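Chain B: place on chain A using the hints.
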Amino acid sequence: MSAAQLTDRIRSFLCEQFQLTPDQVSAMMPNFIATLSVHMANLEVGLASGDPQIIGKAGHTIKGALLNLGLADYAELAFAIEKRAKNGDRSVDYHALVANLRRLIAPLIG
Amino acid sequence: MLVVEDEFISRTLLVEILKPYGICHVATNGDEAVAVLDRAYAVNSHYDLVCLDIMMPDIDGQEILKKLRCMEASRGIGGRQATRVIITTALDDSRTIIEAFLHGRCDAYLTKPIDSDTLLSHLRYMQLIGEPDYASSF
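So the protein lines, in turn, are chains A and B. Per the working numbering, the very first residue in the first sequence carries number 1; after that it's consecutive. Per the working numbering, the very first residue in the second sequence carries number 111; after that it's consecutive.
Bear in mind the hints are in silico, worked out from the structure with no lab data behind them. Bear in mind that the values here come from a model prediction, so they are computed numbers and not experimental data. Check each hint, because a few of them may be wrong.
What the hints assert, rightly or not - As a list, the in silico DSSO-like pairs of lysine-lysine whose alpha-carbon atoms are at most 27 angstroms apart:
hint, chain 1, residue 1, chain 2, residue 2
1, A, K83, A, K57
2, A, K57, B, K176
3, B, K177, A, K86
4, B, K176, A, K83
5, A, K57, A, K86
6, B, K129, B, K177
7, B, K176, A, K86
8, A, K57, B, K177
Isolated chain A (complex conformation):
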């Protein structure tokens, strides 16, 4: 999905779900995208630490953000990371899962 498509999808969701005006959404979007970028970076820092609990917490945070932006399908992936990491599952290729999540939201956060 292109950056424009993703942005439109989020804008439509925010207007409908939260009864916000297009102007309100426009004012919020830059901060929301910057926040998503920070959440993604935190997840990658957690990944580098190798500590499943840190990965799990970062996965939880980005999951909540993605859900409230209307990106439920991406949130599913974040939830998979969170759930497995919090269960201490070391058999999972977290690098692949996190890389996949970054690929999905890269059009938004660069």
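Frame of chain A, contents of chain B only:
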């Protein structure tokens, strides 16, 4: 009203929904939430509503809920004077929700993505806000 939520996007959206209905304070973590609630009681005030994220990094929502109910109990506050609490959770985690209802006496729960209609209908049911003014549409 007090929104307790560590995640910026979720917090901002909750405040946007609530702010037409009154002053809306925020706490970004559990420690801050407990301090804010404590300060309100210290000046003989209290929050009518707390929207509480159940899973936060330091003190989680369940713990805050317990502390809130202890603060109320120590001041003899209960019944209709008690703070209404809506917990927010990112997943439909029934065990967490049941615990919040049973032990924390929360009043409602919302799963993310937050739905503004559902939140506002809870507030109307709790008589924290009035019915929408449809008369102006005619």
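Do the hints match the structure? See the list:
no.	hint	result
1	A:K83 / A:K57	10 angstroms, holds
2	A:K57 / B:K176	22 angstroms, holds
3	B:K177 / A:K86	26 angstroms, holds
4	B:K176 / A:K83	26 angstroms, holds
5	A:K57 / A:K86	8 angstroms, holds
6	B:K129 / B:K177	25 angstroms, holds
7	B:K176 / A:K86	24 angstroms, holds
8	A:K57 / B:K177	23 angstroms, holds
When held up to the earlier numbered hints, the structure conflicts with none and fits them all.
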